[in-house]
Amino acid sequence: MAAEAPVIRVRGLVTRIGSKLIHDHVDLDVYRGEVIAIVGGSGSGKSVLLRSIVGLMRPTGGSVEVLGHDVLGMDEHALRWLQMRWGVLFQEGALFSSQTVAENVQVPLREYTAMPQELMNEIAAMKLSMVGLDGDAASKHPSELSGGMKKRAGLARALVLDPELVFLDEPTAGLDPIAANSFDELIRSLQRSLGLTVFMVTHDLDTLRSIADRIAVLVDKKLKIGTIESLRKDPDPWIQDYFSGPRGRAALSS
Amino acid sequence: MGNSNDSAAQRPWFEVERRGRTLHLTAGGPWTVHHAAQLDAGLRRIDPYGMTEAQIDAGRIEEMDSTGGWLLVRTKVVLEQAGLRVTVFTAPEVYVPLLSVIESEHMVEPAEVVVRVTLAAFLERIGRATHHVLLQTAGILGYVGRVTVEWFKTLYAPRRHFRITATIHQIEEVGINALPIVGLLMVLVGVVLAYQGADQLKRFSLEIYTVNALGIGVLRELGVLITAIIIAGRSGSAFTAQIGTMKVNEEIDAMQTMGLNIDDVLILPRVTGLVIALPILTFYADIMALIGGAIMCYFELDITFPMFIRQLHQAVTIDTFLVGMIKAPVFAYVIGMVGCYEGLNVERNAASVGKLTTRSVVESVFLVIVLDAGFSIMFSILGI
Numbered sequence: 338m339a340a341e342a343p344v345i346r347v348r349g350l351v352t353r354i355g356s357k358l359i360h361d362h363v364d365l366d367v368y369r370g371e372v373i374a375i376v377g378g379s380g381s382g383k384s385v386l387l388r389s390i391v392g393l394m395r396p397t398g399g400s401v402e403v404l405g406h407d408v409l410g411m412d413e414h415a416l417r418w419l420q421m422r423w424g425v426l427f428q429e430g431a432l433f434s435s436q437t438v439a440e441n442v443q444v445p446l447r448e449y450t451a452m453p454q455e456l457m458n459e460i461a462a463m464k465l466s467m468v469g470l471d472g473d474a475a476s477k478h479p480s481e482l483s484g485g486m487k488k489r490a491g492l493a494r495a496l497v498l499d500p501e502l503v504f505l506d507e508p509t510a511g512l513d514p515i516a517a518n519s520f521d522e523l524i525r526s527l528q529r530s531l532g533l534t535v536f537m538v539t540h541d542l543d544t545l546r547s548i549a550d551r552i553a554v555l556v557d558k559k560l561k562i563g564t565i566e567s568l569r570k571d572p573d574p575w576i577q578d579y580f581s582g583p584r585g586r587a588a589l590s591s
Numbered sequence: 387m388g389n390s391n392d393s394a395a396q397r398p399w400f401e402v403e404r405r406g407r408t409l410h411l412t413a414g415g416p417w418t419v420h421h422a423a424q425l426d427a428g429l430r431r432i433d434p435y436g437m438t439e440a441q442i443d444a445g446r447i448e449e450m451d452s453t454g455g456w457l458l459v460r461t462k463v464v465l466e467q468a469g470l471r472v473t474v475f476t477a478p479e480v481y482v483p484l485l486s487v488i489e490s491e492h493m494v495e496p497a498e499v500v501v502r503v504t505l506a507a508f509l510e511r512i513g514r515a516t517h518h519v520l521l522q523t524a525g526i527l528g529y530v531g532r533v534t535v536e537w538f539k540t541l542y543a544p545r546r547h548f549r550i551t552a553t554i555h556q557i558e559e560v561g562i563n564a565l566p567i568v569g570l571l572m573v574l575v576g577v578v579l580a581y582q583g584a585d586q587l588k589r590f591s592l593e594i595y596t597v598n599a600l601g602i603g604v605l606r607e608l609g610v611l612i613t614a615i616i617i618a619g620r621s622g623s624a625f626t627a628q629i630g631t632m633k634v635n636e637e638i639d640a641m642q643t644m645g646l647n648i649d650d651v652l653i654l655p656r657v658t659g660l661v662i663a664l665p666i667l668t669f670y671a672d673i674m675a676l677i678g679g680a681i682m683c684y685f686e687l688d689i690t691f692p693m694f695i696r697q698l699h700q701a702v703t704i705d706t707f708l709v710g711m712i713k714a715p716v717f718a719y720v721i722g723m724v725g726c727y728e729g730l731n732v733e734r735n736a737a738s739v740g741k742l743t744t745r746s747v748v749e750s751v752f753l754v755i756v757l758d759a760g761f762s763i764m765f766s767i768l769g770i
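Sequence lines, in order, name chains D and L.
Numbering-wise, the numbering used here comes out as the position in the first sequence, counting from 1, plus 337.
Numbering-wise, the numbering used here comes out as the position in the second sequence, counting from 1, plus 386.
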């Protein structure tokens, strides 16, 4: 198990949007069972990196392998089957607004399995309760939920097929500190009990400290990867500002 | 695990055996979300009748995810609820943490995805829809009243309330930018009308009267009606979408907290702009349709342009033209009002913008045609 191939393997990724260079030969390995967090300034291309890995965007150059498959060279059918093995939580949850929360969670089940409705109801209820939502929330429409509940429901939908890998785009942005904290704990406990690999984009220093195993900082179009301790010693001014600025010190010293 | 299981490696299985009063459940194979459908019905059919004890041995499960885990835990809970003591519950060690997580969640009642198809539900929907239409009518009337009051305020103190730049921008947006589409469509309408008229009137050698039919039809009815319908689709929908998006982004709320009057800032420039632009567009549409008709008359009936003009002169009076033109500002007012009203009705979600934009177009086209019918009746009573 020790010499296992990485779950995500990015090599020489180059992304150009218009004439602007976003990623300049980015390399990244994510290993099974770890929580990796991508941080970086606004507009530095964190979300673009996530979108390139899950196949929503085509990078200008380089290669992306997820679970041993080349995402960029795949045909649509193969990509669909690969997509079943990962879940994505978008920033605002991206729930389908015309369906109730329970129906939202059942969408992947309906699409990929032949389950009877009764079992789908049960599985949806179980997943919703895992993310801390009760039956009352399950029958509501997304517009009736708060931001934190939408994210939880989005996470339940991302997890419903028991993916090996989940992508989280700013999971705690827009949540109050208590909700953010409990969301961090939720991700950690689900990650442990389900054996997930978590790839997340975040701004939240508390999240970094409490759940990230490794951190990849996107500065100057490149990734610098390490732990909080090793990155704090990095001389790069942005990284210094980020970890040793007033917020960084407060979050990391506690 | 022996070699005997290899052949069954790709299929999930379970066996139920009754020894005395003990129910033995043995399970194996892959228990995952993709195999759940094969297991579900069988597990539900397990009959605990007459048993007092259950032993569940899931030790030969080769692959399990939380859905498979749920099936196992559910079966255990169902047996317990039937009064059996579950004395043995074994599973491969790697899955024990997962099972304990699921077991702590099993208390939740599944949310029902209800699908009601009954007569009562049908009647309820009719009732709701009727109620909704009435509310909608009352809402629009109230709104028209409010905006009319704002209009008069504007007349009273134009400097404070009237936004000239925004209004001119709207005239450009709904009027000038619509010239190509309106022009092209009206030329085609003129061509089609002239062709159909010529086709019929030729039989009586009255083809010159094609010009009369075209002139009266376009100037009185079609010019303004088709223009209004195009503008309802083009600008009425744009009003709803613009104001609706601002509503979703909380921009409207922001304006209110800054003390800006929404009617002054958003509604009046749009409605005023449309009321000014639509008559001009209608005039332009009339001309374009007549040009299209004249081209068709020239090629189909050999009516030259001077002949066309002379005949048109005899056929139409200034009243014919004015009857068409007078409808334009009324239609514009209705389209603008409905567009803005529906925009302000948007709720704070993206789906609502699309829904109300559709509704705004349908309502304004409907009202335009109803009003046009009303005008026809009125003019015939007045004898114009």
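Worth flagging that the hints you see were computed from the coordinates, not collected in a lab.
Ideal placement from N, C-alpha and C gives every residue a C-beta, glycine not left out.
One should not assume that every hint holds.
Said to hold, decoys possible - Computed Cβ-Cβ distance ranges for the label pairs, DEER-style: (1) D:Leu393 x L:Gly469: 30 to 36 Å; (2) L:Leu505 x D:Ser526: 29 to 35 Å; (3) D:Gly484 x L:Ser486: 28 to 34 Å.
As the list claims (entries may be wrong) - Straight-line distance between alpha carbons at most 27 Å, and here's what the computed BS3-like set of lysine-lysine pairs gives: (4) D:Lys477 x L:Lys633; (5) D:Lys570 x D:Lys558; (6) L:Lys539 x D:Lys477.
Checked against the structure, which of the hints given earlier come out wrong?
Hints 1, 2 and 6 are the ones this structure does not satisfy, whereas the remaining hints hold.
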